[in-house]
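Peer 1: All chains should be built: construct the whole structure from the sequences, respecting the hints.
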Amino acid sequence: MSLVDPVIELGRGLWRTLSSMFERTVTYQYPEHKRTVRPRFRGRHVLKRYDNGLEKCIGCSLCAAACPSDAIFVEASENTDEHRFSPGERYASTYEINMLRCIFCGYCEDACPTEAIVLGDNYEMSYYTRKDAIYTKDMLIEPVSSVNQTTPQKTPTGVFTRSVPEMKDAKD
Amino acid sequence: MDKQVTLTIDGKLISVPEGTFVADAARMADIDIPVFCHHPKLEPVGMCRMCLVEIGRPIRDRATGQFVLENGQPKIQFLPKLETACTNRVEDGMVVHTQSESAKAGQKSTIEFLLTSHPLDCPVCDKGGECPLQNLTMAHGAGKSRFLYDEKLHLEKRKPLGELIYLDQERCIQCGRCVRFQDEIAGDPVIGFDERGRSMQIMTSSEPGFDSVFSGNTTDICPVGALTTADFRFGARPWELEEFPSICSQCPVGCNITINTRREAAADGSMVIKRIMPRQNETVNEIWICDKGRFAYHYTESKGRLTRPAIRKDGKLSRASWDSAIKLAAENFAEAGKNFVVLASGRLANEDLFNLKSLADHLKGDAVLYSEIGGGELTSAIGISPDTNLGEVGPGTTLVVIASDLYQEAPIWYLRLKQAVRRGATLIVANPRQTRLDDHASYVIRYAYGDEVKTVHSLDKKNKIGEAFTRSENVIIFYGSEGLGVEGSAALASACAKLLNEYGFAGKPNNGLVGVWQRANDQGAWEMGYRVEADLPRFLRGKVVYLVGVDPAGDDPRLAKALENAKFLAVQDILESATSELADVILPAQAHTEREGTFTSGERRVQRYYPALPVLGETRPDFAITAQIARQAGFIQEGTSVSAAFDILSETIPSYAELSYSKLAEVQPQWPVVGRGDLYYGGTTYENKHGLGAHLTTTASRGENVHILRVHRESAPRPQENELLAVPVTRLYDRGTTVLPAKVLKNRIGKATISMHPDIAERLNVKNGGLVKISFDGHSGEALVQIDKTIPAGVVTVPRSMGLAIHEPVPAKVK
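Just so you know, the protein sequences line up as chains A and B, in that order.
Using this note's numbering, the first residue of the first sequence is number 15, and each one after it goes up by one.
Using this note's numbering, the first residue of the second sequence is number 160, and each one after it goes up by one.
Hints may be right or wrong, so weigh each one.
[Unchecked claim] EDC-like cross-link-like pairs, simulated, lysine to aspartate or glutamate; straight-line CA separation at most 20 Å: (1) B:K311 x A:E180; (2) B:K318 x A:D95; (3) B:K316 x A:E96; (4) B:K620 x B:E632; (5) B:K318 x A:E96; (6) B:K316 x A:D95; (7) B:K902 x A:E92; (8) B:K318 x A:E92; (9) A:K151 x B:E423; (10) B:K316 x A:E92; (11) A:K145 x B:E423.
Worth flagging that the hints you see were computed from the coordinates, not collected in a lab.
Peer 2: In structure tokens, the structure reads:
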């Protein structure tokens with residue numbers, strides 16, 4: 015090893031430092047600035063609604079069956095036209111996801127026959143207690159834009175008879 | 160043994176009994192022929208066409224009747240078209256192809272046709288996950304339909320057939336299993352097909368709808384999700400359920416059941432029972448259970464459960480520790496000596512009853528079974544012997560039913576007797592009024608209430624009935640307590656036992672005396688040496704009473720009064736009751752769904768049940784509580800291991816000798832095969848993997864001497880003018896503490912209904928369904944009137960356990 019080598023190495027290091035001073039920063043000033051997520055990002059789940067406000071979820075529990083970490087718990091009840099939550103006979107009266115167990119694999123999304131559960135963009139989940147990590151249906155369901163879209167709804171007889179809709183082609 | 164027939168299915172040479180259907184023969188040889196309408200318990204109908212196969216038969220020479228040979232082998236002729244495997248019986252030399260191209264194409268198109276009008280709403284269907292249509296579509300279906308989705312029929316999704324069973328008309332594939340079950344097996348033809356062709360639908364023709372106590376079974380055998388129970392509708396997905404083997408605790412039949420549990424949010428995340436399903440035991444309940452067994456389980460989750468021990472202090476019950484409660488009870492029991500009484504229920508396990516009896520014996524007290532039927536010691540002397548199977552008795556066997564309405568008291572025995580008649584057994588039904596079993600009886604005997612013993616004495620008279628009786632190879636007598644109290648039924652039992660003994664119908668299989676008890680394990684109590692007490696109110700006065708699993712105060716105001724006058728009351732039970740209100744100490748026990756134990760059925764079969772739910776609160780199993788009390792009283796009993804307690808029991812009680820928990824858990828292969836992956840039966844009857852139980856021996860079968868005491872009984876009371884004779888009868892759906900919490904049965908339980916002859920009703924000026932006041936024995940209550948012309952004049956039948964405290968025939972006034 016000659017005496018020149020350390021000098022070269024030092025120069026290289028300094029050059030790295032100097033050049034990076036002119037590069038674009040990668041650090042985000044979280045939480046003031048939040049990074050937009052990728053289109054296929056798998057964040058916190060959202061239970062979707064149809065345009066008229068009815069819940070897409072029919073309480074079939076297939077998401078819970080598909081879940082590899084047993085994070086989802088669903089209980090179903092029966093709809094009536096007076097008191098309708100979702101199309102068809104069945105709706106989820108209890109829907110809970112334990113976010114501490116969830117591994118965000120998205121299998122629940124795949125299993126859902128009505129495209130009701132979707133992994134959203136939200137990644138801000140932190141809790142002080144284990145119980146707080148259990149997200150209930152109220153927390154997961156998509157908020158409505160107007161009052162007459164809330165569930166349960168009073169619906170005309172014989173209109174919302176199908177639980178499983180005819181699916182259009184998936185967009186992505 | 161039946162003649163065997165040899166045939167070839169898919170190249171496999173098999174031998175099966177003559178008369179077997181090809182579909183069943185294939186099943187025996189582990190070859191899979193898909194079926195929907197076929198069910199081995201039902202007559203073949205060939206409605207669904209799912210089992211299409213190619214069947215070839217050897218050609219016989221018309222002149223000689225010999226097989227025509229070709230290259231040394233019989234020449235086989237196939238029909239040009241496919242045939243149904245479920246309607247063709249096996250023949251010698253038959254060749255069946257189930258996997259040939261044309262057979263597979265036939266099965267595939269049948270599925271395609273069935274699905275033309277099936278909604279495919281599997282995600283919301285209760286059968287989804289245990290559905291034969293789902294499974295067979297995956298296995299044999301085409302995957303794609305050539306039919307148009309838009310042309311599917313849209314029908315009613317929620318049509319109540321009654322308040323217990325709902326029909327989804329879209330899902331129904333018109334296989335007719337439910338209709339055939341009701342016609343052939345249950346004998347309640349209350350549902351049927353309406354319309355024809357594509358408009359054909361199931362409808363009910365009874366009022367109230369689907370009026371059968373076996374209705375729940377149709378949901379089990381339905382091969383799609385068309386029939387669902389009100390209780391389990393959308394309750395859970397099948398794959399989420401945990402299964403625990405158990406024994407039904409509602410009646411003495413001892414049906415094998417499976418308890419399905421799941422966590423529930425409403426129960427704060429703890430496990431709850433979601434449904435009760437039958438578990439196959441061909442010697443007890445086959446694959447059926449009654450609706451009471453299926454729906455009346457809700458009492459275990461009732462809000463009124465006792466969960467903590469309590470002691471009466473300053474006139475009020477207040478919370479106490481187990482140690483102090485047990486100490487208090489033990490001190491009082493030990494002091495009482497001869498005044499100590501154990502009043503135990505037949506709902507308790509054998510081990511509980513055994514510990515209670517030995518505690519009573521040790522303290523020189525008395526052990527009394529809380530029951531209204533006497534004579535049980537005779538069933539343990541000449542009751543039915545090992546190797547008896549009601550499912551196999553046929554020609555040569557006479558079955559006698561006296562003073563019991565089996566349809567109401569033990570529905571599965573009604574089914575079994577009805578099937579035995581179909582196989583050729585003789586059935587003699589003796590009852591003062593018409594019962595459902597009369598329709599299937601070979602001989603019906605009508606007698607007046609009070610003449611039960613006389614009727615038994617006339618069974619061997621020289622007439623048609625007497626001949627049928629005396630010439631039989633085997634005789635089983637079922638005796639009950641219709642119109643009888645403790646003394647009356649004891650006299651009846653003694654008369655029956657004497658008759659059986661005289662003609663040698665005892666001590667061998669398919670012979671003996673059976674008591675139609677009120678509770679699941681009354682037989683066990685009789686085997687342990689319990690007795691019943693005819694005049695309980697007088698007997699209990701001033702005693703130190705250890706009440707276990709009973710609610711006398713709730714049943715009868717006279718008993719409530721007697722208990723108030725007792726010296727000390729220790730109440731050990733699962734539910735709060737009028738009796739527990741009076742207690743000096745409360746010992747909370749575990750329900751049978753929360754612990755392990757054994758029951759002895761009325762057929763004297765000991766069967767194990769297993770814990771299904773977690774232990775509630777501070778509750779303990781009954782045998783353990785008794786053992787802890789015994790220990791305080793200076794006497795060691797087994798109080799930790801229930802199987803060890805059973806071992807001690809089997810060493811002590813001769814009829815249980817050589818039985819053990821491992822012996823009770825033994826299973827043998829049973830036909831029909833259920834529970835395999837292919838969900839042959841509609842998938843929801845559970846395979847028995849946890850024990851078929853074992854029969855007890857009798858004094859007679861052990862070859863010991865049998866002594867039968869003649870029991871005299873005063874004749875039935877004579878009602879005065881303007882009075883009627885009120886006689887107790889037993890109903891299936893009563894207001895018992897283990898039935899009432901089942902809200903789904905509310906309508907079926909209904910109000911107390913008394914039945915009387917139209918002439919009497921006219922005299923009293925009451926109409927059918929009218930409300931009357933009935934008073935007897937210083938007790939009165941309201942009841943609805945049912946007019947029934949088969950009720951003898953001068954008599955009014957009063958249901959037990961419906962709020963009217965009737966125990967024996969009494970004169971009554973009706974206004």
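Peer 1: Each hint: holds or not?
Peer 2: Checked hints:
1. This hinted pair checks out: B:K311 and A:E180 have alpha carbons roughly 13 Å apart, not beyond 20 Å.
2. A threshold of 20 Å between alpha carbons decides the hint, and for B:K318 with A:D95 the separation of about 15 Å falls inside it, so the pair holds.
3. A threshold of 20 Å between alpha carbons decides the hint, and for B:K316 with A:E96 the separation of about 16 Å falls inside it, so the pair holds.
4. Distance check on the hinted pair: B:K620 and B:E632 sit about 17 Å apart at the alpha-carbon level, within 20 Å; holds.
5. Under the criterion of a C-alpha separation no larger than 20 Å, the hint pairing B:K318 with A:E96 is consistent with the structure, at around 17 Å.
6. For the given pair, B:K316 sits about 13 Å from A:D95 by alpha-carbon distance, which is consistent with the 20 Å threshold.
7. Proximity of B:K902 to A:E92 is assessed by CA-CA distance (about 17 Å); at most 20 Å being required, the pair is judged to hold.
8. Between B:K318 and A:E92 the alpha-carbon distance is near 14 Å, which keeps this suggested pair within the 20 Å criterion.
9. For the suggested pair A:K151 and B:E423, the alpha carbons sit about 15 Å apart, so the restraint of at most 20 Å is met.
10. Distance hint between B:K316 and A:E92 is fulfilled; the C-alpha atoms sit about 12 Å from each other, no more than 20 Å.
11. The straight-line distance between the Cα atoms of A:K145 and B:E423 is roughly 16 Å, inside the 20 Å bound, and the hint therefore holds.
In summary, the structure agrees with every hint in the numbered list given earlier.
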